[in-house]
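Visitor: Sequence:
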Amino acid sequence: MEIEQLVIIAVLLVLLGEITYLVAKLPRQSGGKKRLIFVDTSVLIDGRIIAVAESGFIGDTLAIPRSVIGELQFLADNADPEKRSRARHGLDIVQELQKLESVDVQIFQDGSKAEEGVDERLLKLAKKHGGSICTIDYNLNKVAVVEGITVCNLNELAKNLRMAYLPGEKIMLELVQKGQDSHQAVGYLTDGTMVVVEHASGQIGQTLEVEFIRSLQTAAGKMMFARKVENVQKQQPQPRQQKPKQHAASGTKPQRQEQRQSNEEKPVKAVQKTAPKPAAQPVQNRNRRKPADRESALIELVEKQR
Numbered sequence: 005m006e007i008e009q010l011v012i013i014a015v016l017l018v019l020l021g022e023i024t025y026l027v028a029k030l031p032r033q034s035g036g037k038k039r040l041i042f043v044d045t046s047v048l049i050d051g052r053i054i055a056v057a058e059s060g061f062i063g064d065t066l067a068i069p070r071s072v073i074g075e076l077q078f079l080a081d082n083a084d085p086e087k088r089s090r091a092r093h094g095l096d097i098v099q100e101l102q103k104l105e106s107v108d109v110q111i112f113q114d115g116s117k118a119e120e121g122v123d124e125r126l127l128k129l130a131k132k133h134g135g136s137i138c139t140i141d142y143n144l145n146k147v148a149v150v151e152g153i154t155v156c157n158l159n160e161l162a163k164n165l166r167m168a169y170l171p172g173e174k175i176m177l178e179l180v181q182k183g184q185d186s187h188q189a190v191g192y193l194t195d196g197t198m199v200v201v202e203h204a205s206g207q208i209g210q211t212l213e214v215e216f217i218r219s220l221q222t223a224a225g226k227m228m229f230a231r232k233v234e235n236v237q238k239q240q241p242q243p244r245q246q247k248p249k250q251h252a253a254s255g256t257k258p259q260r261q262e263q264r265q266s267n268e269e270k271p272v273k274a275v276q277k278t279a280p281k282p283a284a285q286p287v288q289n290r291n292r293r294k295p296a297d298r299e300s301a302l303i304e305l306v307e308k309q310r
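My numbering numbers the first residue of the sequence shown as 5 and each following residue consecutively.
In short, the hints are calculated from the structure, not lab data.
Simulated crosslink set (DSSO-like; lysine-lysine; CA at most 30 Å straight-line): (1) K103 to K117; (2) K103 to K163; (3) K117 to K132; (4) K174 to K232; (5) K128 to K163; (6) K87 to K128; (7) K232 to K163; (8) K146 to K131; (9) K38 to K163; (10) K103 to K131; (11) K87 to K117; (12) K132 to K103.
What follows is a list of derived Cβ distance ranges for each label pair: (13) M198 to E22: 42 to 50 Å; (14) S219 to K146: 27 to 35 Å; (15) S106 to D195: 24 to 32 Å; (16) P85 to K132: 36 to 44 Å; (17) R166 to R39: 24 to 32 Å; (18) D96 to T194: 36 to 44 Å; (19) Q210 to P85: 56 to 64 Å; (20) I23 to R166: 44 to 52 Å; (21) A80 to K128: 18 to 26 Å; (22) K128 to D81: 23 to 31 Å; (23) L95 to H133: 19 to 27 Å; (24) T194 to F78: 44 to 52 Å; (25) K38 to N82: 32 to 40 Å.
Please read all numbers here as calculations on a predicted model, not as lab measurements.
Note that CB positions come from ideal geometry on N, CA and C, so glycine has one too.
Please work from the sequences and hints to get the whole structure.
Guide: Here it is, written out as structure tokens:
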């Protein structure tokens, strides 16, 4: 009897342990009530929330307050055409979010107008319901952090997902294997990104300085292309080609001096040709006066003889 009692007690203890484990795990597996993420007006106007929601990274409920929709409606009726088009785009984003099956969207009824301001209303709703705020407004982000509210900022998300290396940047890279083409070599970054280096198949096993040319993002991952820095320097034009221009400029100096001398000599010759003319005029006048004097003298003699 004692052995049977011990066996029964052991079975009961095992069952009790299993029941306790299930009671502790079931609420976590069901998830309970999802947390609310209150969406700001700036996020709806921006529109990138659609791509984030389609990717499946939003597991909580997107709560769009009615006051936010009321602000979009007010801006859509504005006389400014730019604000009107942006507000209408925000209303279209709300409709697209509601059509997505991968995310739970809820229109939170808090009133069509926020007298204290939409930003202040979002802060109050997040505090009251223990939710977070999705925004790209810099000032609202700072205030929410001070108030101890969790913020989902799409600008910070895009910044963190940006490539570590951009085209034009240079790094030291170890080449470990051949590429798909015969002239290519392959290296890897610290995060596992493959880097294909052009015309570097002869340097496999070495560490070279390479410059990134472009990147290729695919569903399988990210791949980057680069080239050796030595090839880039050889392709640059040499500044020594400007020397012939200096010789050509120096060779024109004697020609310019000859032109100046010829221009200076021309006026001198013109003066020499025209200088004798004034001196010749009085000589001609003297020759012309002598015959007149002779005729007058002959006429006087003839009159005396009469």
